[in-house]
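First to last, the protein sequences are chains A and B. Going by numbering that gives the first Met the number 0, the first sequence opens with residue 0, and the numbers climb by one from there. Going by numbering that gives the first Met the number 0, the second sequence opens with residue 0, and the numbers climb by one from there.
The set of hints was computed from the structure by calculation and includes no laboratory data. No residue lacks a Cβ here, since even glycine has one placed at the ideal position from N, Cα and C. Hints may be right or wrong, so weigh each one.
Claimed, not checked - Pairs of lysine-lysine residues, derived as PhoX-like cross-links and limited to a Cα-Cα distance of at most 25 Å, are as follows:
1. 418(B) - 137(A)
2. 158(A) - 114(A)
3. 135(A) - 233(B)
4. 233(B) - 158(A)
5. 233(B) - 156(A)
6. 21(A) - 189(B)
Stated by the list, open to error - Partial pick of chain A residues on the chain B-facing surface, computed with a CB cut under 8 Å:
7. 20
8. 21
9. 24
10. 55
11. 57
12. 58
13. 62
14. 79
15. 82
16. 89
17. 91
18. 94
19. 98
20. 103
21. 141
22. 143
Said to hold, decoys possible - Here are the simulated distance ranges between beta carbons:
23. 130(A) - 23(B): 31 to 37 Å
24. 268(B) - 182(A): 53 to 59 Å
25. 336(B) - 63(A): 27 to 33 Å
26. 138(A) - 365(B): 53 to 59 Å
27. 172(A) - 33(B): 48 to 54 Å
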Amino acid sequence: MSVNNSVAVDVRNLVKLFGSFKALDGLSFQVNEGEVFGLIGPNGAGKTTALRILATLLLPTKGSVKVFGYDVTSQAADVRRIIGYLAEDAGAYRNLSGLEYLSIMARVYFHSKDKALEAVNRAVDISGLGGRIHDKIKTYSKGMKRRLQIARVFMLKPKLAILDEPTAGLDVVHASYIRRLIKEYASRYGVTVIMSSHNMFEVEYICDRVALINKGRIVAEGTPDQLKTFWNASNLEEVFIKVVDIE
Amino acid sequence: MSSLLPLIEKEIKDLLRDPRIYIGLLAPVLIMPIIGLAISAAMQSSIETISREGVKVAVIDLDGTPTSREFMDFIRSLGLNVSESSLLEVEDTIEELKGSDTRVLMVVPNGFESNITSFRRAQVDVFFIIKSMGLSSIGAFSVVESVLNAYSRALVESFISSKSPEVNPEEVLNPLTTISHTVVKDRILKISPSVLFNQFFMSSGIIVPVVLMLVSISVAQIAATATAVENEEKTLETLLTLPISRYSILMGKLVGSAVVAMFGTILFIVGLIVYFQSIFSLPIMAGEDLTISLELPTASFESYVMLFVSLLIAIFFATSLGVIIGALSSDVRISGSLVGFVQIPIMVPMFLVIYGDARSLPLALQLFIYALPPSYPMLIAQSMFFSELPFEAILGIPYSAAFTVFLVYLTSKLLVPEKLLSLQHKLLMRRMKSKTMP
């Protein structure tokens, strides 16, 4: 995977308050262009909040967040033009076919018909749904829906793909299929990916670099190998437990 | 605009294919004709039964005179199936009749003939035995009343003819012929105001406001459900990260929901027309009043344009309210329970407009009506056939347009997850608190 040293995502001292609850507490990290970056941590650690801020859905309370140089608060429209976002458990319009859904999303994104059609063909290929792409989405399994959503994100060839728990709730076969899709298409289209996950093994497999997040703060950061070596652990799960224990 | 069209397409396709929506849209067009045909068939069968068998009447003739027998012959000649009771006591006869299909008992008391021949008021006691409140029972009772009225009239005519053979009894009975005219706008109609009112009340007075109300409510419900589904399925979250304005997302939803609601309204009107046609095709219902519709005044082209524009504004207003409700609801269940609030600003003005002249209402109620855009199509529909449109209705168009644009603007501002999530959270907390309160 080609990773440039230019910064794709720059998060500095990010704080997010929901009333009196501090979801993010001075979060800082950088993601380089072309990198697959993983945010891992337990439930309530602040992963989804951080990704929603990156996706311009939430506003930071304090701190600065830039995506390819665009500020997510003051240049949100510019950020939206270069990102593809997959929410955790994101659904699609149940009564549309997979193909109709992709076509509508492509037409919203691309104003040229040819570009939209090209994107849809690309997505049909990525999803691997074959003839089922013509069926209504309500007939899809959870895994098929997630493949459709991943296809929707990558058909746009976004500069940054933001994936919140892309394999959560999937069976082993589908989860493995989704991981391969992310790895393959991020590399093929040169897409920078930032994803969150509970699954340490998944992150180790897909991500070039990871950040361990707990209680709204980064508690460790590096490549999976660097972290395992530093913490003298055989996998990221052990790393995480050691880091959290020290915390 | 290029981003808006796929959003509208998405909205319409997703809604029209949703069983929760299309079953609701198709229900009136299927159910109302079935109800109409069922009522029509029941009435037809009752009419046929009555005309085939005649209404069975038992008579206790306590007078036993030629006049009382003439009375029985008269009512028999008008189609009643008369049988003389063998019992002389009313209670015993009623008890006996309860087991039969005779539903009417007439008692001709002593002195019937002497009263009639001496020009005093005679009496006949009629007992209607109710076994059900079905159409055939009610039809039978009205037939009996008509026959008795006919006997009474025949007696009067006979008295007049016997006293003054040269006089036409009809002219004595109706010495004054009234020809009613009703002036509407610049036309003079040869019908009475009451007939005109009945016509109007059934058309633009009742049906139009009811249809307008149903359109407004259904559009609000559709928009609320569609938006709540977006929240529930997290598709709104995806939409909000696309490079399109919040305004386009909102307009897609408003236009999509409005188109689906209009389609539903057309189906509803078709169902309503078939329903009324089934009912009014019956001979007893197809009275003279219903044939005068051609004489009714017509409204001007400008009035129709105003009605259309005000209706469009009202629909956008109701849709925006629906979107707000849907956006604040994290799922369809919550939106379903909140959407009832949207019906208040739609139903209350409708009832006030139908049952009262807006100008004669107390000032507070007038202000309430004029403040709400859904009132204006109703006000216009009510006056467009009879007079010039009231100035408040004309002024109301730009006012309600401005109000609705403001509401649409506010709604688009609400479509920011930061606000939505915190408002949804607050609503959820409030609901949880109210549930845990003893």
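Quick rundown of the hints versus the structure:
Restraint check for residue 418(B) and residue 137(A): not satisfied, since their Cα atoms lie roughly 30 Å apart, outside the 25 Å limit. Taken as a hint, the residue 158(A) and residue 114(A) pair is honoured in the structure, with Cα atoms around 17 Å apart against an allowance of 25 Å. A threshold of 25 Å between alpha carbons decides the hint, and for residue 135(A) with residue 233(B) the separation of about 18 Å falls inside it, so the pair holds. Taking the CA atoms of residue 233(B) and residue 158(A), the gap is near 23 Å; set against the 25 Å cutoff, the hint holds.
The hinted pair formed by residue 233(B) and residue 156(A) meets the criterion: a straight-line CA distance of about 22 Å does not exceed 25 Å. Restraint check for residue 21(A) and residue 189(B): the C-alpha separation of about 79 Å exceeds 25 Å, so the hint is violated. With its C-beta approaching chain B no nearer than about 10 Å, residue 20(A) sits outside the 8 Å limit, and its interface hint is violated. With a cut of 8 Å, the hint placing residue 21(A) at the interface with chain B is violated, because the nearest CB-to-CB distance is about 15 Å.
Residue-level restraint check for residue 24(A) is violated (minimum Cβ-Cβ distance to chain B is 19 Å; threshold 8 Å). A least Cβ separation of about 6 Å between residue 55(A) and chain B falls short of the 8 Å threshold, and the interface hint therefore holds. Nearest Cβ of chain B to the Cβ of residue 57(A): about 5 Å, under the 8 Å cut. The hint holds. Evaluation of the residue 58(A) hint against chain B yields a held restraint, the C-beta minimum of about 5 Å falling below 8 Å.
The interface hint given for residue 62(A) is broken, as the beta carbon of that residue sits about 15 Å from the closest beta carbon of chain B, more than 8 Å. Interface hint at residue 79(A): satisfied, since its Cβ lies 4 Å from the closest Cβ of chain B, which is below the 8 Å cut-off. Hint status for residue 82(A): holds, given a least beta-carbon distance of 7 Å to chain B, under 8 Å. Hint on residue 89(A) holds. Least Cβ distance to chain B is approximately 5 Å, under the 8 Å limit.
The criterion of a C-beta within 8 Å of any C-beta in chain B is met by residue 91(A), whose closest approach is roughly 6 Å, and the hint holds. Taken as an interface hint, residue 94(A) checks out: its beta carbon lies about 4 Å from the nearest beta carbon of chain B, inside 8 Å. The beta carbon of residue 98(A) comes no nearer than 12 Å to any beta carbon in chain B, farther than 8 Å, and the hint placing it at the interface is violated. Because the closest C-beta pair between residue 103(A) and chain B is about 4 Å apart, less than 8 Å, the hint holds.
This hint is violated: residue 141(A) has a C-beta 13 Å from the nearest C-beta of chain B, more than the 8 Å allowed. For residue 143(A), the interface hint is violated, the least distance from its beta-carbon to any beta-carbon of chain B being 15 Å, above 8 Å. For residue 130(A) and residue 23(B), the Cβ-Cβ distance of about 32 Å falls inside the hinted range of 31 to 37 Å, so the restraint holds. For the hinted restraint 53 to 59 Å between residue 268(B) and residue 182(A), the CB-CB distance of approximately 57 Å keeps it satisfied.
Range check, residue 336(B) to residue 63(A): Cβ separation about 41 Å, and the 27 to 33 Å hint is violated. One distance hint, 53 to 59 Å for the beta-carbon pair residue 138(A) and residue 365(B), holds here, with the actual separation near 54 Å. Evaluation of the 48 to 54 Å hint for residue 172(A) and residue 33(B) yields a pass: the beta carbon distance comes to about 50 Å.
Comparing the model with each earlier hint shows violations of hints 1, 6, 7, 8, 9, 13, 19, 21, 22, 25; every other hint is respected.
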